[in-house]
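Peer 1: One letter stands for each residue in the lines below.
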Amino acid sequence: MNELVFFINNVIITGSVSGSIYAIGAVGVTLVFSIMRFAHFAHADMMTFGAFMVLLLTLAFPGAGGAVGLPTAVVMLPLAILLTAALAVGIDRAFYKPLRAHGVKPIVMVIASLGVTLMLQGLIRLFAGTGGQRLYIDDRKEIFRLALPFEGARAPIVVTEPQIILFILTIVCVVSLHLFLSRSRLGKAMRAMSDNPDLARASGINTNLIVAVTWMIAGGLAAIAGTLLSLDVTFKPDLSFFLLLPIFAAAIVGGVGHPYGAIAGGFVVGFAETLAVFNWGVLLRPFRDSLPEWLAQAGSLSFVGTEYKIVVPFVLLVAILVWRPTGLFKGKVIT
Amino acid sequence: MPLLDARDVYGGYGGMNILNGVDMAIEADEIGVIVGPNGAGKSTMLKAIFGLLSINQGEILLRGEPIHNLPTNQLVQKGMGFVPQEYNVFPSLTVQENLEMGAFLKPESVARMLERVYGIFPPLKEKRRQPAGELSGGQRQMVAMGRALMAEPSVLLLDEPTAGLSPLFMNEIFERVKEVNAAGVGVLMVEQNAKQALAIADKGFVLAAGQNRFTDTGAALLADPEVARSFLGG
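From first to last, the protein sequence lines stand for chains C and W. Be aware that the first sequence starts at 209, since it is given in the numbering used here, and climbs by one per residue. Be aware that the second sequence starts at 3, since it is given in the numbering used here, and climbs by one per residue.
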């Protein structure tokens, strides 16, 4: 039983945590791609920026969360969402819009976004320093231990407060995104522009407005994902380096330009990572006596060591591109 | 005053003129049909009217007001609807969502116009929840025309609405065009099926090499032996 609890703690919960973060990040990447047709590499830095805004606001108004019984960082999140959405629209106006007006090739936009990555990262480092910082400043991270009602289950299932907030916010994000895309006039226009930008224009859809809305949503979601990750671990200015690859892998695995695919892809990548680094030896322990000696004696039976976790999304990415280039859901083929 | 009046239009792509002085005018209650051999500039003319191609010389007037080189969303606002020949639906959107996009600028009239469009194209009502990409060619053409009608245009531009359709569907589409026109929408369309199209045309324009060759009523053009010999295949 303890082995099962270990599995739940280390695979189900850990996988859902990284899966949620990748999913929210990948949705932004995929929305930007579907409207503007380029891979926006600075997306992970928008996530860092959002988390940094939360850090600054938390430092500025410590104790604000105590009044409502939530961590201060979570109370500051809506403001950080607005700031990051504004940043995303501002970056577009300053860097991407002039390039679009010249009708440049997508690869030029990709390189421009790499430049934005470096600028954002430098800027955040300038103010935040290079070390990690906790987003829990004034209050303690609450940890919930749920004991299983079985005999022999001594170890409890462990969930932390930020993880619970993360799960709730992920569900809220996914549901509201779905309602926005399927019910609202702007959401439908976004899907229309993703399908056929020329026809969208011929229908009288204001494509500049759609572009701005896309950046706001992408920026807002980036702030949520970045903050939730920083809450779960710590805030680091180079957070984006560890996020960029899994997020793009998630978007591509799910099918580029397909928001629901990006959500599925996020969880596929998140669980693939945790399953790959999970020590399967633990699950074999109850059957130790009936196993061949070489298997019973093995110390760790994980597919890859934790330090090589980053290769998992990469392998998954290559496999998907070979096996099914349009992703799990039928997305656009990147050209 | 004509509804749509194009005067002495020169235009093309990349500095090369495809249109060399085209004149074209239709009244508010008319169906105008543009016919002519391949490469005559028929579709180019339609695109020039809808502002998808900047013209080098001449003018295009909608109810006397110059509209050339205005951005497309302003043209839609002024009452122009355009149905391209290809890629004329949003494939991943449902039929109803496609139609709703046509009324993007007039969200308050969506419900009323949906009813009207479903009245003109009853098959679309049954398929309203189906993605437009799954429909047959003829049904897609209905979605495309319906989408353009949702904005309550005063003039509808159709680029080869019957291309690739079976004769049965072709007649169906022409019947709908007549119905739309009878409801007070001026129509200007490019057609390869010249004889059938001229039969429903109030005005016909025969283009060749980017210039007007013949301009007359549809019936007169059909009766003209020279037009028949050179452009309608005998």
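Certain hints may be false.
Below, a list of computed lysine to any residue pairs in the SDA-like style, where the Cα atoms sit at most 20 Å apart [claimed, not checked]:
| # | chain 1 | residue 1 | chain 2 | residue 2 |
| --- | --- | --- | --- | --- |
| 1 | W | K80 | C | S390 |
| 2 | C | K538 | W | K108 |
| 3 | C | K538 | W | S94 |
| 4 | C | K305 | W | Q132 |
| 5 | W | K80 | C | K538 |
Derived CB-CB ranges, DEER-like [said to hold, decoys possible]:
| # | chain 1 | residue 1 | chain 2 | residue 2 | range |
| --- | --- | --- | --- | --- | --- |
| 6 | C | L307 | W | P39 | 38 to 44 Å |
| 7 | C | V380 | W | S138 | 39 to 45 Å |
| 8 | C | F522 | W | S111 | 47 to 53 Å |
| 9 | W | M3 | C | R301 | 41 to 47 Å |
Hints in this document: simulated from the structure, not taken from any laboratory. Note that beta-carbon positions come from the ideal geometry of N, C-alpha and C, so glycine has one too.
Peer 1: Now tell me, hint by hint, if it's right for this structure.
Peer 2: Going through the hints against the structure:
1. W/K80 to C/S390: Violated, at about 29 Å.
2. C/K538 to W/K108: Violated: C/K538 and W/K108 sit about 32 Å apart, past 20 Å.
3. C/K538 to W/S94: Holds, at about 11 Å.
4. C/K305 to W/Q132: Measuring from Cα to Cα gives roughly 35 Å; hence the hint is violated.
5. W/K80 to C/K538: 38 Å, violated
6. C/L307 to W/P39: 38 to 44 Å: 41 Å, holds
7. C/V380 to W/S138: 39 to 45 Å: 40 Å, holds
8. C/F522 to W/S111: 47 to 53 Å: At roughly 51 Å between Cβ atoms, W/S111 and C/F522 fall inside 47 to 53 Å, so the hint holds.
9. W/M3 to C/R301: 41 to 47 Å: Cβ of W/M3 to Cβ of C/R301: about 42 Å, so the range 41 to 47 Å holds.
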